[in-house]
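Number of protein chains: 2
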Amino acid sequence: MDFTFLGTSAGSPTRSRNVTGLALSHAGTKPWYLVDCGEGTQHQLLHTRYSVMQLRAIFITHIHGDHTFGLPGLLTSASMLGRTEPLDIIAPPQVQHLIHAVIENSDSTLNYPLNFIDSEAADFHWHDEHLDVSSVALSHRVPCRAYVFTERWVERQLLHNRLQDDGIAPGPVWGELKNGCDVLLDDGRLLKSDHYTEIPRQPRRMIVAGDNDTPALLATAGKDSHLLIHEATYSQEVADRVGPWPQHSSAEQVARFAESAGLPNLVLTHFSSRYRSEPGSTPHINLLAAEAMQHYKGRLFLARDFDAYRLEKDFSLTRLNDH
Amino acid sequence: MDFTFLGTSAGSPTRSRNVTGLALSHAGTKPWYLVDCGEGTQHQLLHTRYSVMQLRAIFITHIHGDHTFGLPGLLTSASMLGRTEPLDIIAPPQVQHLIHAVIENSDSTLNYPLNFIDSEAADFHWHDEHLDVSSVALSHRVPCRAYVFTERWVERQLLHNRLQDDGIAPGPVWGELKNGCDVLLDDGRLLKSDHYTEIPRQPRRMIVAGDNDTPALLATAGKDSHLLIHEATYSQEVADRVGPWPQHSSAEQVARFAESAGLPNLVLTHFSSRYRSEPGSTPHINLLAAEAMQHYKGRLFLARDFDAYRLEKDFSLTRLNDH
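One line per chain: the protein sequences are A and B, in this order. Each residue of the first sequence is one higher than the one before, starting from 1 at the first, in this note's numbering. Each residue of the second sequence is one higher than the one before, starting from 1 at the first, in this note's numbering.
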C-alpha cells in the first residue's frame, strides 16, 4: 500500500507545505484514492505519478476549507482532460452543496458523473476490488472522520506438501487453487482451495485520520491496524497555550495514544504553519518529532510534501524517496 | 505602476504556470489590487512581496473557475492571518453566490467585511486615492470585462520662473502649491496652485483584459492607454482548428489590434497548456511571440509566472526581474 503526501500544513499553505491531501493506492498508481483535497491539490498532483484520470474515489474527512477547497478545480480539470469515468466522493453532505454551488456559479460542466456518498451515515462502508474502507468518528469543531483502509485481497500460498501427498501435479490447477477457486478434477475429485492453500498474513490496514482532539477514539480501530496517519498540529506546550477551542492534537497526545494502542508505525502531519523546516529556523518542526519520540517507541515519521511511503506486506513502513 | 503575474495558464495549471491572477499596485506594494483569482493564487502570493493584509480590492473579469476558484482560500487565509480591513470584490453577481455558498458549507468565517460591487452594472466605476478603474465589456462565453486602470494623481511640477518673478521664496508655500493647494499669504495675496504648477504628463493608463474573442472591443479604451495585457490562448493556426466555441483570441488577432490601436506596450498571457517553455519542447511558447511580432511593432512580452513589470512615468514598460 503506497501513499504520497500532497500537503502537510494546517489551515493555510506555507512556501514549502500545501494544505491537506493524501494520494493512496493499493499497488502502483492505478486506480488510486485521494483523502482530503485542500486548495492546490491538483497542482501538487502534477509533480507526482498520480493522474486524475485514474482517481477512483475521494474521501473527505470534514468540511473545513483546508481539506475541501481544492475540489472544484480538481474536478473541473479532470473533465477538461477528458475524464468520463464516474467518481465517488465520500464526504459530509455540505461538500455536495459546495460543489454544486461552485459549478453552478462558474459556468462549469463535468463530463462524468459524481457519486456522492455520505461519510456521516451510520452504516458507512465502501469498497472496490482492492480496498475495504470503514470510518471512525473523531472529535473536532465539525463532524470529522478517520478512514480505515484495509486491503481486500491477500494472495494465497499453495501448501505444496498437501498437493504432493494427494498427487496433484503442478499445472493450471495449482493456479486456480491459488486464486481461491475450488477445482473439480476429471476423476471426480473436488479440490477445495481452502484446503490446499493458506492466507499467509493479515491484510494490511492503515488509518488516515482527519482533524481530531481525542486520539483515543481510534483505540478499537488501532488494535488491528499497522499504521496511523494523524494530525499533530502543535507541540504540547503550544497546544496548552492555544487552549482547547481549535480541537486539534499535540504531538505528545498522538504519540501516547499510538504507543498505548501498540501501533507499529506512526506518521504525523497537518502542522501549524508556525513550524519551520529550514536549518536553524525556530520553532523547528523537529521539536514535534522530539516530543513524539519521548512517548512512542514505534517507527515514527513527520510527513513532508511529496514524501512517498510504502506499507510493506510485513507491515513495516518504508519511505520511498529521500529529500 | 507595478504588476506581477501570478498565473499565465488558460483553464488548468501546468507544472510551471498557474491559472490566472495578476497583482497590481500604483507604487510599492501597499495597497495593491488583484485581477482574477484562480486556484492557488494565495500560494503564488507567498513567493512575492504582496500580502493579503494590504490587498485593497479584487477585480474579477468573469466567472470561469480558472479566474475565481482561488477566492475562498485567499479570503479565509486573510481572515486567519488577522485581517480586519474591509475588502472590495468587483465581480459578476454569481461570484458573491459562490463565495457565500462555500463559506456556508465549510464552517468558515471572515473577520472582515466583503463589499461586493457588480462589475456588470451599466454605470460601473471604482476608485481609491491612487487609481480610477473603469471597465469595457468583452466577448466571451459568459459576460466578461476588461478593467482600465488609470492613475488618479500625477505629481505637479513647480513653475520656478513664475514663482521667482512674483517674489515667492522657497519654503512651505512651495510644498502646498506642489500638492495642488491654493495658499493665502499674510500680505493678502491668494496664490493659485494651477498658476504656479503644471501637470507634466498624462496619467498612466493600462488595460487588463479578461477572456475575449474580439480585441476590437477595446478600440476606444486602447486609444488613451499605454499598455494592454490580453489573453492569447492559441496561435492563429490552432485557433482555426479549435473553432470559435471557446471564444478566445489568437496571438495574431491581439497583435493586429494592438498595432491598429497604436498601443505602445503589449503583454500576452493566458496560454493554452499545450505550449511549453522548456528549450527544445514543442509546440514552444515562443511560437506565439513570433506570430505576434509579425503584426505588432510595439514593445511585446509573453508573460511568465512571477514576472514583474513597471509601467514607467514615461509610458515605457520595464521587466523588473529576469529569470
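Rather than coming from a laboratory, the hints here were simulated on the basis of the structure. For every residue, glycine included, the Cβ atom is placed at its ideal position computed from N, Cα and C. A portion of the hints provided could be inaccurate.
Unchecked claim - Partial selection, computed: residues in chain B whose CB lies under 10 angstroms from chain A:
hint, residue
1, ARG15
2, ILE63
3, THR84
4, ILE99
5, HIS100
6, GLY280
7, THR282
8, ILE285
9, ASN286
Unchecked claim - Away from chain B, derived, C-beta distances all over 12 angstroms, residues of chain A:
hint, residue
10, PRO72
11, SER134
12, ILE285
To be verified - Output of the computed footprint for chain A on chain B, the stretches with three or more beta carbons under 8 angstroms from beta carbons of chain A:
hint, segment
13, 68 to 78
14, 90 to 98
15, 124 to 130
Hints, verified against the model:
no. : hint       : verdict
1   : ARG15      : 5 angstroms, holds
2   : ILE63      : 5 angstroms, holds
3   : THR84      : 17 angstroms, violated
4   : ILE99      : 9 angstroms, holds
5   : HIS100     : 8 angstroms, holds
6   : GLY280     : 20 angstroms, violated
7   : THR282     : 20 angstroms, violated
8   : ILE285     : 17 angstroms, violated
9   : ASN286     : 22 angstroms, violated
10  : PRO72      : 5 angstroms, violated
11  : SER134     : 24 angstroms, holds
12  : ILE285     : 17 angstroms, holds
13  : 68 to 78   : holds (count 7)
14  : 90 to 98   : holds (count 4)
15  : 124 to 130 : violated (count 0)
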